[in-house]
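Colleague: Which chain is which? The protein sequence lines are A and B, in order. Counting in numbering that gives the first Met the number 0, the first sequence runs from 0 upward without gaps. Counting in numbering that gives the first Met the number 0, the second sequence runs from 0 upward without gaps.
Keep in mind that the hints were calculated from the coordinates and are not lab data. This structure is a prediction, so every number in the text was calculated from the model and none was measured.
Pulled from the structure, derived: some chain B residues nowhere near chain A, Cβ distances all over 12 Å: (1) 32; (2) 165; (3) 271; (4) 300.
Lysine to aspartate or glutamate pairs mimicking DMTMM-like chemistry, simulated, CA-CA at most 25 Å apart: (5) A/283 with A/237; (6) A/310 with A/382; (7) A/283 with B/123; (8) A/178 with B/2; (9) A/283 with B/126; (10) A/222 with B/126; (11) A/310 with A/383; (12) A/222 with B/2; (13) A/202 with A/405; (14) A/303 with A/399; (15) A/222 with B/258; (16) A/178 with B/136; (17) A/204 with A/169; (18) A/222 with B/106; (19) A/202 with B/258; (20) A/283 with A/176; (21) A/222 with B/136; (22) A/178 with B/258; (23) A/222 with B/123; (24) A/303 with A/388; (25) A/202 with B/280; (26) A/204 with A/406; (27) A/283 with B/136.
Which stretches of chain A does chain B cover? Using the computed rule of at least three CB atoms under 8 Å from a CB of chain B, they are: (28) 210-222; (29) 266-274.
The beta carbon of each residue, even a glycine, is placed where N, CA and C say it ideally should be.
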Amino acid sequence: MPTRFIQNALKLRTLLLISIISLSSTARTQEPIRIAFMDPLSGAFASVGTSGLKQLEFAADYLFNSHGGILDGRTIEIVPLDNQNSPTETQIQFRRAVSEGIRIIFQGNGSAVANALNSAVTRHNRRNPGQEILQINYSAVDPILTEENCSFWHFRFDAHEVMKLNVLTDYIASNPDIKSVYIIGQNYSFGQILSDTSIALLKEKRPDIEIVGNELHPIGQVKDFTPYVTKIVSSGADAVITGNWGADMVSLARSIIDNGLDIPIFTFYAAYDGITATLGADGKNMIRLIHNETSNPIPTEQRKEFIRAFKAANPNNDVTQPRITNALSMIVLAMEETQSTDPYDIALALEDMRFTTLSGEEIWMRGEDHQIFQSLHISVHTDEGIEFDADNSGFGLFSEYHVPTEETIVPTSCRMRRPSR
Amino acid sequence: MLEVFIFATLNGLVTGLLLFMLASGLTLIFSMMGVLNFAHASFYMLGAYFAYSISLYLGFWAGLIFAPLIVGVLGALVERYGLRRVHQSGHVAELVFTFGMAFLIEEAVQFFWGPDTKNYQSPDLLDFPLFTLFGQEFPAYRGFMIGISISIFIGLYYLLTRSRVGIIIQAAITHPHTVANLGHNVPFIFMGVFGVGTALAGIAGVIAGPILTTFPGMAVVLGSIVFVIVVIGGLGSLVGAFIASLLIGLLQSYAIASDVGVQDLLNVLGLEFDRNHPLTDLWTLTLPQVAPILPFLLLVLVLIFRPTGLMGKREQ
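For reference, chain A alone in the conformation it holds in the complex:
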């Protein structure tokens, strides 16, 4: 299919060809473009962080480095920085990135951390004109990052929480069997917004649905979720909404299964990195996720090839977040268009960029608030119709409900302060 992606790739390849012929001697001595990947690589959330790191490293090698690099032969080097999912450690790692001359930082896990990084980046960029840093947020979904606290130097490549909850509550509202809902989440901005927004949206769409429980627990601290599950069971809820991720999601899922709870669970992150394997046959048709980029069936041969190549290189991991690939590809495109690695030039090129992903879908980076827009999907945990499973378990996600890009667009209150150059 003659998509824009292929056109871009072809354009890129011709450029590279010319550059290799003309600059073959200098190409080897050129410095790599260094991109930091700052997420938890140790501790309770290490699995999520390392899985993201592998995907970014693979995308850089597979899409760009193995084809001779970008910008006339420069390679992309990913520098892992372990922030332990702590805002304090993030500040330290940020200083380290700055002192090493890194200008682009990927970060995704945890909105608390993303907010800390956002303010660190904004402060640094204000004080050091000409030395700006670009924050590439591939997963932190607190709406505030593209609303009140929006920044010219921050770009989000995942749908934010309210966008996702909009779709999720539509889906719940359309199911007449659900008459009561239990909400459980981690006690920080993400979990708090999850509960407030879900309650508000459900009240508007289905006033008859009763919220029978609204629980916040400390992130990464709960050893055993059984007491919470006991409460869910005794509340008589028809469905559960949770935003838990990483170890908190695995433990919650484990307790739900162990205690024989059999109601639909609506989640953001209940798949991959050991979660799918844990759920196994017990969670079949019970767990649903809201996410971007369809899981099964995969729409294009390109994406399939990408996933197969990734699995060949990382047999124990999965492509859990295609948005990491999208983010990197869009940044590279911005660099190629402007022939620059300066964050200011990249940021300007990214604004209102329309890009065709490996799935053949055109996604849009809104210039007003730097929020990505693409179709959203609700998938179910099952072993039927699964071509690409998760955790090598035979189980995976099957996308069963699709919302086109236009319907996901929400207004923003962002009033961005643009740097003057």
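Given the coordinates of chain A, assemble chain B onto it according to the supplied hints.
Modeller: Structure of chain B alone, referenced to chain A:
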């Protein structure tokens, strides 16, 4: 309400007894060497990981037997070739040594098993609800956990107070030189106790792994709470550790099950604040939200009113 209470009690019992298996080993080691073993929870994690690997080939039950043995031997080796050498440099060196061990073990686990959660499953044999009460199932595996922990407590108590080995161990704790003069190999006893203590942590890991999930952060999550228990129970007291474990298990479980918060307290007092009050986060705090910090609150209270711990014998 009754169902919530019954299940909260059962859940608290499971957590409490699990914590006891960790705390018993820790408190034994402390009473003997006068050193808190910071790596204790790491041996618990090793137990879970070894059992997971064994269960892949030989099934859960083989893991239950062999994993604690491996962990115990590892613990004994750590004592023999690590702690005993460091011992000459004093308690601080020993503390730092165990502290470093904890990091080392966590990194090693990540290196060999990877950072993601392992799919360590409870045995099929116990995969049925033990009983169903008010529409809630109580898994047989949890009943099994309760059974194992209680038998360990009874066995350990009997061993320490009634058997000859126990008498020698108790004597070695208080009068090591006299015991040595009587011809007993005191360093060997220390090594044995350290080995048994870590093996107990290993068992805890084996049986907790399937329900608390097996991942590299599992030691950190449980580590701090075990110290709290040992201090609340009274350093070196097995009975104290038992009481404190159950107390904390039940306290957390009841707190989560409850539905009261500061709001209810204010209602009783007839006070009301609007939502825009600067301290609104405080007014809307609920008991389930603070459940995980309750043990630490209890620790502070115990240290204020009874610094020796509930069953501690140490005099100032």
